[in-house]
Every structure is written in structure tokens, then in C-alpha cells.
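Protein chains: 2
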Amino acid sequence: MGGDNAPRAVVEGACEAVRESDVSVMLVGDEDAIKDVLGNARSAIDRLEIVHTDQFVGMDEPAITPIRKKRRSSVRLCADLVHKGQAHGMVTAGNTGAAMVAAKMVMGMIEGVDRPALSMVVPSPKGRPTLVLDVGANVDSKPRYLRQFAVMGHSYAEQILGTKNPSIGLLSIGEEASKGSDLTREVFKIMESGSLNFAGNVEGGDVFAGTVDVIICDGFVGNVMLKACESLAELTIHHMREEISKSWLSKAGYLLARPAFERLRLRMDYSEHGGATLLGVNGGCFIGHGRSNAHAVKNAVLEAAAFCRTGLHQKMRERIAELHRFEEALVQSEEVG
Amino acid sequence: MGGDNAPRAVVEGACEAVRESDVSVMLVGDEDAIKDVLGNARSAIDRLEIVHTDQFVGMDEPAITPIRKKRRSSVRLCADLVHKGQAHGMVTAGNTGAAMVAAKMVMGMIEGVDRPALSMVVPSPKGRPTLVLDVGANVDSKPRYLRQFAVMGHSYAEQILGTKNPSIGLLSIGEEASKGSDLTREVFKIMESGSLNFAGNVEGGDVFAGTVDVIICDGFVGNVMLKACESLAELTIHHMREEISKSWLSKAGYLLARPAFERLRLRMDYSEHGGATLLGVNGGCFIGHGRSNAHAVKNAVLEAAAFCRTGLHQKMRERIAELHRFEEALVQSEEVG
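Just so you know, the protein sequences line up as chains R and G, in that order.
Going by the numbering used here, the first sequence opens with residue 1444, and the numbers climb by one from there.
Going by the numbering used here, the second sequence opens with residue 1444, and the numbers climb by one from there.
Since the hints were made in silico from the structure, they are not lab data.
Take the hints with a grain of salt, since some may be wrong.
Stated by the list, open to error - Below, computed lysine-lysine pairings styled on DSS-like, alpha-carbon distance capped at 25 angstroms:
hint	chain 1	residue 1	chain 2	residue 2
1	R	K1585	G	K1622
2	R	K1513	G	K1607
3	G	K1569	R	K1622
4	R	K1632	R	K1607
Stated by the list, open to error - These stretches of chain G come out as covered by chain R in the derived footprint (C-beta under 8 angstroms, 3 or more residues):
hint	region
5	1515–1524
6	1575–1589
What the hints assert, rightly or not - Only some residues are given here: those of chain G computed to face chain R with a beta carbon under 8 angstroms:
hint	residue
7	E1646
8	S1693
9	R1710
10	L1745
Keep in mind it's a predicted model, so treat the numbers as computed, not measured.
We put the beta carbon where it would ideally sit given N, CA and C, even for glycine.
So that you can see chain R by itself, here it is in the shape it has in the complex (with noise of 0.2 angstroms):
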């Protein structure tokens, strides 16, 4: 029920997902509303399957809504159906902190974990993307939140991404170790002295470059930078239109080099790649865009299904528990020493 286009674009991109798949999709939400859309088409569909309620947490409502008043609103009761194990993941283009709220709480977090963590994937010139974490799941992070976020990028990037042995950034301003935030000199200290494949400080510049194939920052920084590089793609595509359609000549280009523009925008348009992902939690969660349409919505829901079959975050908790025998025996050494 969430997102500007539901349930409409929510239920059709549900439905191409599994009219292209073999995925198994249960819409929780106003079953009229969700029948409504689904018209004659879900008498052909088996693998669809309507959960009601009548509850739902708006755009504007606190994070903490599905867990303190709206206890059978749709977001939490996806929760509640992947904590029971009758679904591997949820998806959502609604709100956002009352979706990580829901997963946090009624999932539950990988044993290990401090915080979850959002992460998104962006286009890079090499084709190879970059994951970067967090985007908005946490502020004022601590230094061990951040080396465990790199633990999970890791897992993400190898697993689900391919990419073998990825290597971790850490988003700073310059790219001494000595440069950067209170946060970042921290992190960088523990980072170097971890297992994990460090290269160091990047800087945003690095972010669309693919420097590097995992980016780790605290959450307030990852988010005000992936909103304003939407905010500046939107721009740019509106004085695009602006200037083309001053004169005739320029529309007929635009026109005929038309394709070209489609696959640019494809490539650039990481909403293509079914938005962010909550690490962290005890099972899939999935945030779309609000404005997700039912093209969208279909990719969140075919990366979802991709994402719960690696048994990603049984791999993550492995890796966690690893992290943290390392440390204590760090630690302990240090005693000893």
C-alpha cells in the first residue's frame, strides 16, 4: 500500500515478477483495492496471494508507527510473515524508516550486528557497480558500525553482486589517513588492521567512478549525497527539456537520437536495480523509491527473490562471527602482550 503509484504499480510489478519468474508473491494490503487492480489476471496466476488489512502507515507517519500504534499495518505484517518464515523477504516503496522500524524490531538483527544498515548499488564507468552503505539507517554511527558495515558490503558485493574479493572505501574528505572526521580516522585505524580487502579513504568523487567496489559511510552523509545526485539528475533533465524544445532543429535531434537517450537513462536510473536494501536484519527487506512505477516495483521483487536465494544473511552471520572472534582475540593478544 505504500509508495505515490499503490496499490497499482505495487500489485501490476508484482504480477510481471512472477509472470517472468518463479517467485511466489503474496500482496499484504485492502484486498478491493488489490483486487481492484489484479482484475481477471489473478485467476491465471497461482503464485499470488492476497494478505488483508485494512491498516497502513502513510508517507509522513513516525518510524515507530507500525510497532506502536499500527500493529497490523501492511508494512508490519510483511515483517511478521518473513519472521515466521512464510516469506523469505518483504518489499516496499513506502516509508522508509517505518519499513527498517518493522524488520529491525519483528525480524530481528543478525546476532552481531549493532545496526542495519541501507545499502544501494550506483552505476560505474567499468560496468562494474559500486555498493554503498549506509544510505539513511543510521546517524552519528559509531566506529564499529561502520567495520561492520564493510562485513556486510563484502558479503553483499561477493554474493550477490560476483564480485570476487571486493574492495572497501571508506567515504572521507581527502586520502591521507589523517584526513577526514573524528569518525572516519577511527574507522580507518580499524579497518587497516582488518581482514578485509581496505583501500583506504575515498572521496566522492570516487562515488560513480568504481574506484571501489564497496563504500562504506555513516548514514546522515550516504543519504544527503545519493539525494542530491537524484536532485541534480532531475535538474539536468529538466533543462534538458527546457533546451531542446527552444527550436525545431534540437527536437528533431533529439528525436532521432532518441534511443540512445532511452539506454542512457536505463543505465544511469538506479531505481532500475529495485532500490536499497536493509542489511542486517534476520531476513529480505527491500525499499523501493516512493515513486516507484510497476517496472520498478517488478525489479525490487526479482532482486528480492535473487537476494533471499543466496541465503545472503546466513553467509553475513557467518561473517559476523568471524569479525568478532577476530577482535577478541586482538584484544586478548593486547592483554597478553
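Starting from the known structure of chain R, fit chain G onto it as the hints suggest.
Below, chain G without anything else, positioned relative to chain R:
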């Protein structure tokens, strides 16, 4: 002597600025290298002077270099000239950190300003630009620094951009006062009690949307954000070239629409606006992009001249003094209360 295209781009840009306006320029650097570029042009322009030095700060040298090790470096001499009143402002495309440190240490700070802030003008859909500060002079800012950035940004928007009663937004995640980091929540409180036109929190998505006239933030997030946006713009151009070159039809279309794309580039390219301005120091300090070409240098010189003509830092000094009187009064009234 700074920047990727120095000294050619810097000297040529300065010449263009002198030809197109009544500004006088001192070229600070290696006399022979400068004369090589100037050729015979120099004799034709009497508002061009060379100040020779054989010392330069490289792009990778520490920011403190012009103070500690290279006291005859070109960037240091520029700051000296401004400090002695022989120049109104300095323009560089070189090492940003070194320029900031030289300006701060040699020119000194406006009384009442704790930290200078690097500010940058970014485009908006409405055509009225937005000033963002700090974009990289400070990390781990204290709340009162951001309050001072707001006062400096207000003065800049009013005097240089011609915006009446400029609105000021605090860069955060989430719009409500309760959202954001420890820093932004604290700044929100003190901004609310102030006399400026405070518009509350803004998000990354507002940066290129023209939501407010001035955006204040810590230099870590401002720097990472704008550099990421720049790298996204580069990636877009990279992919666009690739896609267009794939067919003759789209190549032809692109050629027809080329004037529109050229106008688009001019509207979006914020290096057109002459780069970043360091606010809070006693004199003008303008830092162009390291990749500045002659055209960008010319714009930087012309904007620097316009800036210096407004006597902005005198006005800023008055505003900062007002702010301090206001805060003292507030403290006293609280003590009396």
C-alpha cells in the same frame, strides 16, 4: 601556478578578464613561465603585472606548506598581497587546502568568526541559484560554526546574488526538527531562536531544487555531496558519449541538437560560476577547480572582482557583530530571567 592547466590556463584567463573588464591582475608565479604564455599580449595590457617567485605548493603537499615550509610560494604571496592591501582578493586553481590555510593565517579571520567556510553556488530549476556552505573547509563542526555560516551565507546571498531576505535551510535527513544528527538538532534549535529567515531542515533532494537560497552544513557532508554530484555528471556524460556513438542515427541527432546540449552544459556546469569562495577571512579568496580552463579562470577573476567591489566582508563583519550582540543579550536575559 596551481591547477592542472597552469600556468597557461591561469595566465590566459587572467588576460581575458583584464580585456573584458576594468579589473587589474597581478600574476604571481614564475616570471619566465608567465612571459612564455603572455608572449606579446602583455605590452597591450597595462593592467597586468607579474610578481615573480620560484616557489610553488604542489597539489599533493600538506595544506600547512605555505605557512611552514614555503613562505615564498605563489599562494602565500597572493595572501600577503591581499593582507598588505596591494590586492583586494586572490584567485587560485591550485591546492585548495593550502589556499585556505594561507588565507586564514595571513589575511586573518573576520572578528567573531570561528572558522572560515568554503561556499559554492549551485544551479536550481527556478534560475535563482542556491549557495551551499561549508563545502570542505571544516570537519566535525560545532553548532556555533554553522550559525556563523548562516550569517555569512545570508550576507553573500543578499549582496552578491541579490536575493532579498534569503531563506536558509539546514542540510539534514528528514524535515522535522527532531530528525537528523546530534549536530543538526542542536543547530536547528539555535537557528530557530535567531533573526535570520530560517526555513528549517532541508534534505539532499533540495540541494538542486531551489527550495531555499542558502544551505548550511558541515564541510564533510558538503564536500562529499558536491564531489559525488560532479562524479555523477561525469559518468552521465561518459555513458551518453558511449550510447550516442553506437549508431549513425543518434550521432546525427546529437549534432542537430548540439546547441541545446551546449546551453545545457553552460547552465549545469557550476565551474561557470567561478568555483568556491572562502567566506570569513579578511579579504577575497576564490578557489577554482583544479581542472579550470582559461574560460573558468576568467569567470573566477570577474566574480572575484565583483565580490571585492561589494565590500562584502565589511558587511559580514557587521552582521557577525550583530549576531554576537544578539546572543549576548539572549544569554543575559536568560541569566536575569
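Hints versus structure:
{"no.": "1", "hint": "R/K1585 x G/K1622", "verdict": "18 angstroms, holds"}
{"no.": "2", "hint": "R/K1513 x G/K1607", "verdict": "45 angstroms, violated"}
{"no.": "3", "hint": "G/K1569 x R/K1622", "verdict": "37 angstroms, violated"}
{"no.": "4", "hint": "R/K1632 x R/K1607", "verdict": "24 angstroms, holds"}
{"no.": "5", "hint": "1515–1524", "verdict": "violated (count 0)"}
{"no.": "6", "hint": "1575–1589", "verdict": "holds (count 3)"}
{"no.": "7", "hint": "E1646", "verdict": "6 angstroms, holds"}
{"no.": "8", "hint": "S1693", "verdict": "4 angstroms, holds"}
{"no.": "9", "hint": "R1710", "verdict": "5 angstroms, holds"}
{"no.": "10", "hint": "L1745", "verdict": "23 angstroms, violated"}
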